[in-house]
Amino acid sequence: MTQREVKLLARQTNQRGGVGSALRGILRRSDTSVVIATLILFILFSFSNSSFLTPFNLFNMSRTASLYVMVALGQAIVIVIGHMNLSLGAIGGLTVVVAGWCMDTMGWSPWVAAPLALLIGTLCGMFNGFIIVKSRLNSFIVTLASLFIFTGLVQGISQGFPYSNIPKEFTMMGRNDLMGVPFLFIFVVIVLIVLGYVFKYRIVGRRLLATGGNLEAARLSGIRTDNIILLAHTLSGVFAATAGLLWVSRMGSAQPSTGTDWLIVSFAVAIIGGTALNGGEFSALGILASAIMLTLIKNGLIMLNVNVYFEQTFLGVIVLLAVSVESIRMALSNRSRRSQVKSTA
Amino acid sequence: MKQQQVKLISLVMVAVFAISLVLAACAVPATAPSAPAGGEAASTDVAAPEAAAPAADSNFKPVWYAPAPHPYFEEVRKGVEAFEAETGIKVEKQIGPDWNQDSQNQRMEALAAQGFNAFSVYPADAVGTNGLYEQLTPNGIHIINFGTSTAQPTTASFAVATDVKAAAMRAAEELIAAMGGKGNIINVLEVLEDPNTALRKQGIDEVVAKYPDVTIIQEVADIKSVEEAVQKVGDALSANIDKVDGIIATGYTPSVAIAQVLSEYKEKGGDRTIHAVGIDTDEMVMQAIKDGVMDGTIVQNPYGHGYLSMLLLQYLSEGYTPKADAYFVDAGFAFATQENLETYNNDILAVTEQIKSELLDKYLEK
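For the record, the sequence lines run as chains V and A. Under our numbering, the first residue of the first sequence is numbered 1, with each subsequent residue one higher. Under our numbering, the first residue of the second sequence is numbered 346, with each subsequent residue one higher.
Each hint should be verified, as a subset may be incorrect.
[Claimed, not checked] Below, in silico cross-link-like pairs of lysine to aspartate or glutamate (DMTMM-like), each with a Cα-Cα straight-line distance of 20 Å or less:
hint, chain 1, residue 1, chain 2, residue 2
1, V, 168, A, 636
2, V, 298, A, 564
3, A, 406, A, 454
4, V, 168, A, 612
5, A, 613, V, 177
6, A, 611, A, 587
7, A, 527, A, 508
8, A, 611, V, 177
9, A, 635, A, 684
10, A, 527, A, 551
11, V, 298, A, 612
12, A, 613, V, 169
13, A, 569, V, 177
14, A, 613, A, 587
15, V, 168, A, 609
16, A, 510, A, 567
17, V, 298, A, 508
18, A, 569, V, 169
19, A, 546, V, 311
20, A, 510, A, 550
21, A, 611, V, 311
22, A, 546, A, 587
No wet-lab data here; the hints were simulated from the structure. In this text, all values refer to a predicted model and were calculated from it rather than measured experimentally.
Sequences and hints are given; from them, build the entire structure.
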């Protein structure tokens with residue numbers, strides 16, 4: 001029996017089945033494991049420390065997770081097409097510095113500064129995409145070079161000084177809430193819903209996935225892959241810039257060092273969240289769950305008061321345990337598929 | 346690739362580099378973004394200490410080297426500029442691109458090849474920099490560490506820096522005093538790879554051990570960025586919100602994070618009294634002190650780090666040698682609170698003046 005026939009049989013069985021087939025459907029999703037792992041960790045930490053479920057802690061955690069999501073989206077959107085963006089943090093840093101410079105040094109309104117900073121981030125992403133498309137160079141090399149360019153600009157403009165005179169109204173997004181839920185979190189959830197919809201139901205989303213799945217096939221099927229690559233990198237710049245602005249909004253100051261540690265977070269959250277490293281797959285729910293999971297672990301380690309010198313070790317072990325849920329999911333999914341095929345045959 | 350495309354790419358690349366250069370050249374002067382409150386801003390206008398400096402030596406070609414742009418180095422640079430103004434000696438001032446030892450090696454070797462023979466250096470890596478020094482010093486080049494020391498033994502002649510353990514102990518004493526001699530403390534350390542972090546921790550532990558009613562309930566560390574610092578300080582506060590009485594930071598980044606997190610906690614109506622002491626004079630920290638959110642901050646002496654290290658290099662070039670066991674020059678520190686926000690910088694300048702007057706007797710011989 002060919003793989004196609006197996007899939008067809010599985011689909012037919014799904015259509016006939018009830019709870020069992022729904023469960024099988026859930027098991028087949030690549031983001032199921034990270035959602036389950038996140039839930040397990042949430043329950044474990046809730047019982048381990050009474051402060052874990054306090055509104056203050058939940059508020060802070062959800063804001064951190066929101067920023068992780070935005071940073072991860074900047075990476076995920078290029079991973080989807082089989083690329084990467086090493087200059088993500090530097091774009092974020094440049095956005096922060098531009099926003100700070102406009103509001104603090106120039107005294108401009110946030111209504112001018114924020115769009116200008118966002119535009120700079122967008123142009124940076126577009127610059128990456130343009131060079132990649134026109135030079136046919138690997139995204140790794142191009143974004144590595146642009147990482148130096150953007151970092152140099154950050155240091156040259158700011159000379160390491162933070163910008164502190166950020167108008168109070170600009171911090172509303174980063175600090176305020178709606179019935180206890182941070183605006184940041186609400187904003188990020190909306191962005192994820194929109195992206196989930198675009199990737200599932202809109203042509204542009206399918207083209208992004210197709211380009212990442214098989215570039216040559218996508219090109220032969222009539223997709224203008226160069227435009228898609230340019231779009232993905234531009235969006236990466238938009239997300240990086242947005243993350244930078246949200247960070248300024250949370251901090252109430254613009255720190256030039258912003259973004260220096262985004263690279264690992266961006267890859268970790270995106271990949272653990274179900275974005276395929278070789279392109280073609282994206283999960284909005286997975287990215288949200290993955291960001292929450294990483295935040296939970298970091299928060300939980302502090303709640304548990306672990307030895308600071310071994311903190312990284314604990315972090316690594318817990319991440320490994322959490323992602324190993326994925327192998328359990330795959331084993332269960334395969335077993336379920338095999339039994340399904342047997343019963344149908 | 347078509348010729349037209351190649352041209353287009355070349356044009357874009359040239360444009361980007363041109364814009365980069367223009368932006369870098371037209372960038373706001375170091376002090377332009379919100380001048381730090383108190384000491385840092387004030388120190389700009391302060392004249393160099395008055396005691397007589399040694400005469401200029403024509404063979405003396407000094408360099409001041411910092412590994413990467415940072416507000417601290419801009420303050421140190423002011424001390425170097427004061428030395429230049431006072432002595433008429435031109436100092437080659439270089440700031441590297443990153444905190445990488447390799448970058449530092451390449452740049453300093455290039456400077457040595459150009460004939461520069463006296464270096465005031467902030468070491469990018471406490472151990473790795475010694476390898477570089479071991480190559481340079483046999484050629485008659487004098488090197489002085491500023492800001493921090495390289496690991497011992499070292500071929501650097503001096504380290505002009507803050508006694509980090511003493512500063513941490515003072516910070517802990519001030520915090521405990523603000524807490525009324527009792528309560529629970531969160532200790533926020535910074536980069537674990539930095540040997541100074543262990544010294545700071547040791548200093549705080551020693552002070553806390555003297556007070557039976559004071560306990561360190563949580564230590565937070567391994568902080569390399571402001572993002573990480575804000576997250577960790579926020580988490581630590583959440584974990585201990587019902588029992589924390591004080592929070593202390595002995596690194597720049599955690600101090601900024603404490604200022605941010607506590608300011609927000611107060612803004613949101615947090616009613617617990619949490620005392621806080623930090624280090625350095627970032628504007629957020631100074632604002633938090635002004636607003637009563639933080640109790641105070643340790644103010645280092647970056648001006649002295651720059652000025653005194655250059656002065657020592659000049660003495661060395663004139664044939665003076667370091668006295669035995671006179672390696673570490675404690676550049677001193679002050680404690681800024683709401684009460685002395687306008688005047689603490691004078692205390693720091695007095696320390697520089699005092700050290701300068703003692704340099705020949707205490708640290709050098711001929």
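Against the structure, the hints:
no., hint, in the structure
1, 168/V with 636/A, "holds (15 Å)"
2, 298/V with 564/A, "holds (14 Å)"
3, 406/A with 454/A, "holds (14 Å)"
4, 168/V with 612/A, "holds (12 Å)"
5, 613/A with 177/V, "holds (11 Å)"
6, 611/A with 587/A, "holds (15 Å)"
7, 527/A with 508/A, "violated (26 Å)"
8, 611/A with 177/V, "holds (16 Å)"
9, 635/A with 684/A, "holds (9 Å)"
10, 527/A with 551/A, "holds (15 Å)"
11, 298/V with 612/A, "violated (25 Å)"
12, 613/A with 169/V, "holds (15 Å)"
13, 569/A with 177/V, "violated (28 Å)"
14, 613/A with 587/A, "holds (16 Å)"
15, 168/V with 609/A, "holds (12 Å)"
16, 510/A with 567/A, "holds (18 Å)"
17, 298/V with 508/A, "violated (32 Å)"
18, 569/A with 169/V, "violated (29 Å)"
19, 546/A with 311/V, "holds (17 Å)"
20, 510/A with 550/A, "holds (10 Å)"
21, 611/A with 311/V, "violated (29 Å)"
22, 546/A with 587/A, "violated (24 Å)"
When each numbered hint is compared with the structure, violations occur for hints 7, 11, 13, 17, 18, 21, 22.
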